[in-house]
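Q: For our numbering, count along the sequence shown from 1 and bump the result up by 99.
FYI, nobody ran anything at the bench for these hints, they're computed from the structure.
FRET-style restraints, in silico, Cβ to Cβ: (1) Glu242 <-> Gly204: 19 to 27 Å; (2) Arg247 <-> Ser168: 27 to 35 Å; (3) Thr110 <-> Val332: 23 to 31 Å; (4) Ser237 <-> Glu335: 42 to 50 Å; (5) Trp303 <-> Glu186: 45 to 53 Å; (6) Val102 <-> Asp131: 17 to 25 Å; (7) Lys135 <-> Leu264: 23 to 31 Å; (8) Lys135 <-> Ser237: 43 to 51 Å; (9) Val332 <-> Thr219: 46 to 54 Å; (10) Ala308 <-> Leu183: 47 to 55 Å.
All C-beta atoms in this analysis are idealised placements derived from N, C-alpha and C, irrespective of residue type, glycine included.
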Amino acid sequence: LLVDEADNFLTYDSEWDFESVSLLRRAMDRTDQNFKVIFAGLHNVQRFEHLSNHPLLQLGTPICLGPLSSLEAGELIQRPMSALGYELDDHAVLKIRVYSSDHPGLIQYFCRTLLERDRTRRAEAVVAGATTLPRTISVDDVEQVFNRDETREELRKRFRATVDLDPQYRVLVFSQLQQQLESNGTITRPFSARDALENARFWWPEGFADLDVPRTGQMLDEMVGLGVLQKQVGEELRWYVRNRQVVRLL
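Taking the hints into account, I'd like the entire structure generated from these sequences.
A: Okay, structure coming up:
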C-alpha cells in the first residue's frame, strides 16, 4: 500500500496517537511483512523521523529523495530523449543539469520544453524531406530555451514551491541570504543553526519565538532533503545554499 501526499494524514493521525498507523503496522506484523505500507510526502513526513516512540519507527528506515546525483540526472535527460530519437552532447546535458539544479521535476519540464520547441523544426524538416534520426539537441538549443522569460519564470515558480511549503522555510533561507549579502557578498558561506535562528528572529520574532536551536537544525535538514541546502559536517554542524543556481531559482 503506497500512501502518497501523506503529510496531512500523518499530522492528523499524530493527534490521535497514530491510531491508524498502528493498525497498518499490526497488519504488516500479522501477514509476516507480506503486506507493507509506504508513506510518501514532503516536509511533514520527514519531520516525524525526529520523533521518538511512535509506530513509524517500526515501518523501516526512512529514505529522503532529494536532488539527483550527477549520474542519475544525466540518465534522466539522455535516456528518454534517446528513446524519442534525440542526441545531446555532454555540454548540452551539463547545461540542463545546471539550469534545473538536478531536480527531477525541473529536468522533466526543461526537456519537455526542448521537445515542444523542436516541433516546428521537425515539421519543417518533414516538408523538406529531411527527417533523418537521430536529431541533435545542441548547447545553443538549450540556451535558447532557457533564455525565454516564460521558461525561467516557470523554473523559478516550480522550485520556489519547495520553500513555500512552510513560511518558516522562506524566512530561514532569505534572512540568511540577506545577512550574507550585506556582510561579505558570499551567498554560499556555511552557517550554523544558531546563526539561522537569530537572523530569522530578527525578521519575524513571533514566527520563531517557540523555535529552539535543535528544532531549527531539523528544519535546515528538511531543506537539505528538498534540495535547497547542503549540510557540512564538522566540529559544528553547518549548512549552506547548494549553489548559485539555487539562489537564482529562489
